[in-house]
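Trainee: Spelled out from the first residue to the last, the chains are:
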Amino acid sequence: MNKDLGTPLLRTEALSRHYPDGRVTALCDVTLEIRRGEYVAIVGPSGSGKSTLLNLLGGLDRPTRGKIYFQGHELSARSSDLDAYRARHLGFVFQSFCLLPTLTALENVQVPMFETERCARTRRARARTLLAEVGLALRLHHLPCQLSVGERQRVALARALANRPELILADEPTGNLDSGKTGEILELLARLRARHGTTLVVVTHSLEVAHAADRLIQLRDGRVVADAPTPGRQAA
Amino acid sequence: MTLFTFVIKNLARRRIRSCLTCLGISIAIGAVVALVGVAAGFERNFVEVFEGRGVDLVVVEGGITEQLTSSLDERLLERIRALPGVANAAGMLLEVLAFEKENLVGVMVQGWAADSLLMQHLSVTAGRLVRPGDKQQAMVGSLLAKNLKKRVGDTIEIDREDFTIVGIFESFNVFENGAVVVPLEELQRVMLRPGQLTAIAVLTTAAGSDKVEAVAAVCREIESFTDAKGRRLRLTALPTRDYVSNTLQIRMAHAMAWVTSSIALFIGAIGMFNTMMTSVLERTREIGILRALGWRPGRIVRLILLESVVLGLIGAVVGTLLALGMIRSMAEMPSVGGFIQGDPSWWVIGQGFAMALGVGLVGGGYPAWVAARLLPTEALRHE
Chain U
1 MNKDLGTPLL RTEALSRHYP DGRVTALCDV TLEIRRGEYV AIVGPSGSGK
51 STLLNLLGGL DRPTRGKIYF QGHELSARSS DLDAYRARHL GFVFQSFCLL
101 PTLTALENVQ VPMFETERCA RTRRARARTL LAEVGLALRL HHLPCQLSVG
151 ERQRVALARA LANRPELILA DEPTGNLDSG KTGEILELLA RLRARHGTTL
201 VVVTHSLEVA HAADRLIQLR DGRVVADAPT PGRQAA
Chain W
1 MTLFTFVIKN LARRRIRSCL TCLGISIAIG AVVALVGVAA GFERNFVEVF
51 EGRGVDLVVV EGGITEQLTS SLDERLLERI RALPGVANAA GMLLEVLAFE
101 KENLVGVMVQ GWAADSLLMQ HLSVTAGRLV RPGDKQQAMV GSLLAKNLKK
151 RVGDTIEIDR EDFTIVGIFE SFNVFENGAV VVPLEELQRV MLRPGQLTAI
201 AVLTTAAGSD KVEAVAAVCR EIESFTDAKG RRLRLTALPT RDYVSNTLQI
251 RMAHAMAWVT SSIALFIGAI GMFNTMMTSV LERTREIGIL RALGWRPGRI
301 VRLILLESVV LGLIGAVVGT LLALGMIRSM AEMPSVGGFI QGDPSWWVIG
351 QGFAMALGVG LVGGGYPAWV AARLLPTEAL RHE
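The listed protein sequences correspond, in order, to chains U and W. Under the working numbering, the letters of the first sequence match residues 1 to 236, in that order. Under the working numbering, the letters of the second sequence match residues 1 to 383, in that order.
Treat the hints as calculated values from the structure; they're not laboratory data. Here the structure is a predicted model, which is why all the values come from computation and not from measurement. Note that the Cβ used here is the ideal one computed from N, Cα and C, for glycine as well. Among the hints, erroneous ones may be present.
Label pairs and their in silico Cβ distance ranges [what the hints assert, rightly or not]: (1) U/C145 <-> W/H382: 18 to 28 angstroms; (2) W/R17 <-> U/A14: 25 to 35 angstroms; (3) W/S329 <-> U/A132: 40 to 50 angstroms.
Over the 10 angstroms line for every Cβ pair with chain U, so calculated as not near, a few chain W residues [claimed, not checked]: (4) S71; (5) P84; (6) V124; (7) K146; (8) L293; (9) F353.
Using the sequences plus the hints, can you model the full thing?
Mentor: Here's what the structure looks like:
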């Protein structure tokens with residue numbers, strides 16, 4: 001585990017996101033802090049701004065107002081800096097897995113490493129190790145369509161870890177899984193977090209996923225209405 | 001996995017579309033290599049007719065665009081031979097015949113003096129060379145003899161007169177193998193052009209690094225010839241390569257080849273653009289995933305451009321093979337066999353590949369730009 005565990009990793013200041021016509025405010029004055037090693041679940045009804053917040057934290061979108069600090073430095077608005085931020089510091093897990101259909105599991109995991117690792121052999125070796133970690137050592141050369149939904153999400157988890165990110169952002173990671181598979185993925189996430197010391201921010205509707213988190217942030221109409229340790233857990 | 005592996009997998013995923021695009025490009029590149037290759041080969045052979053004999057410059061009547069209409073006084077030969085720096089000069093009279101029954105058009109009939117330096121590079125495969133004083137006698141090139149199924153002793157009709165074939169020759173040049181050679185005075189007689197030549201081939205004594213300047217000096221000297229009244233003769237003297245490249249037929253062959261090739265390339269580029277644009281639009285979400293995973297726009301551009309360039313180069317390989325097959329089979333056809341050499345130069349093949357690369361970059365450029373500009377959030381929302 002990281003020795004800096006518990007120190008601030010990500011901080012937002014009065015983060016707002018209005019859509020171009022100015023009439024829709026997806027996020028309004030969100031100020032929060034996420035510490036290293038923390039598992040944070042963002043919950044709220046549909047349209048509450050969860051995915052918008054995740055996109056802003058992940059540098060996929062830019063705020064209309066407010067600031068984001070990562071490791072104490074303000075995120076630049078420059079596209080090239082955001083690309084580097086996503087490539088070097090973040091791992092993404094999407095609800096619909098977002099695996100590339102023409103690539104095998106082994107190749108999909110190598111995709112994020114194109115920006116960080118020049119040596120193809122090293123990329124391949126690391127992808128192999130990660131897939132073994134998520135229990136897919138025997139499914140390396142299978143295409144996504146040849147894998148079960150649970151296996152696809154495992155590949156997505158391995159891919160999220162490809163660049164040894166400090167932060168994994170997951171958007172409904174169990175949204176397409178049944179309860180049995182959800183349990184498996186949660187167990188795997190906990191194991192990977194413990195092993196890699198990664199901070200995890202999950203947007204979810206699932207109570208099971210939310211209750212596994214250290215902290216719950218609840219959004220409603222683009223504002224944070226609650227931010228507290230998950231009931232039954234102590235703050236990290 | 002490398003970027004190239006990724007590219008190949010993307011192309012293999014839409015096999016039919018990729019194959020059809022390659023086919024379009026291969027037809028375009030095939031047209032370029034075949035047409036430009038034939039035109040370049042035509043010029044190369046024409047140059048070889050002269051340079052193979054050491055001819056440095058060619059003299060024709062000034063202001064004419066078509067060699068057949070050139071008319072020079074045979075007595076000029078002596079004046080040219082007498083110039084300092086001139087080693088030798090040979091007069092030529094050219095006529096073009098058609099053998100309609102055998103579907104042969106544009107067969108060259110060369111009127112050369114029997115003792116001309118032009119005769120020196122012909123090797124006789126049957127019979128003999130024409131001799132001074134031969135009347136109504138001719139030699140035919142080996143390719144023409146084969147196409148006309150003529151042997152020594154047969155006759156050939158030139159301007160409604162039968163000439164007896166006294167020899168069959170093999171030249172170092174494909175044009176001449178498809179030609180007829182008649183004693184100069186005999187061709188002058190049947191063409192009713194006594195004492196006239198269409199061109200004079202001149203060999204200079206120049207050599208080494210000063211040769212270009214020395215040849216240019218002889219050209220200037222010849223062009224300054226005047227008649228008995230001091231009026232300037234209308235003569236054009238050009239170094240061999242300049243003469244050949246200025247020839248109307250060569251210019252037309254090049255122009256036709258490039259116009260046709262340009263149209264084919266334009267259509268090929270449109271096909272490539274269509275394929276790559278469709279591919280980018282279909283893969284909007286995938287491109288969004290790549291962007292979300294940190295891929296920079298430059299890498300997305302490289303991915304899309306590499307896909308279009310690979311399609312272009314595969315098209316170039318197939319197109320070049322098609323063109324080679326086409327040129328070789330055309331070279332075997334009696335009707336054009338005397339004008340076409342079976343192998344286009346590496347330079348022409350290289351041009352074909354360069355154009356395929358250009359088509360790939362042009363056809364894939366805008367789609368790549370569109371792909372690189374996709375916003376990750378919007379691309380990820382795309383279904």
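Trainee: Does W/S71 clear chain U by more than 10 angstroms, comparing its Cβ with all Cβ atoms of that chain?
Mentor: Holds, because the least Cβ-Cβ distance between W/S71 and chain U comes to about 70 angstroms, which exceeds 10 angstroms.
Trainee: Decide, holds or violated, for the assertion that all CB atoms of chain U are farther than 10 angstroms from the CB of W/V124.
Mentor: 65 angstroms, holds
Trainee: Looking only at beta-carbon atoms, does the pair W/R17, U/A14 fall within the given range of 25 to 35 angstroms?
Mentor: 49 angstroms, violated
Trainee: Can you tell me whether the CB distance of U/C145 to W/H382 sits inside 18 to 28 angstroms?
Mentor: 20 angstroms, holds
Trainee: Should the label of W/P84 as a non-interface residue stand, given a Cβ cut-off of 10 angstroms to chain U?
Mentor: Non-interface label on W/P84 holds, nearest chain U Cβ at 68 angstroms vs cutoff 10 angstroms.
Trainee: Beyond 10 angstroms from chain U, beta-carbon-wise, is W/L293?
Mentor: 4 angstroms, violated
Trainee: The hint says 40 to 50 angstroms between W/S329 and U/A132; measuring C-beta to C-beta, is that right?
Mentor: 58 angstroms, violated
Trainee: Could you let me know if the closest chain U CB is still more than 10 angstroms away from the CB of W/K146?
Mentor: With a cut-off of 10 angstroms, W/K146 remains clear of chain U, as the shortest Cβ separation is near 55 angstroms.
Trainee: Are all C-beta atoms of chain U more than 10 angstroms from that of W/F353?
Mentor: The assertion about W/F353 holds, with a minimum of 27 angstroms to chain U.
Taken one by one, the earlier hints fail for this structure at numbers 2, 3, 8, listed in ascending order.
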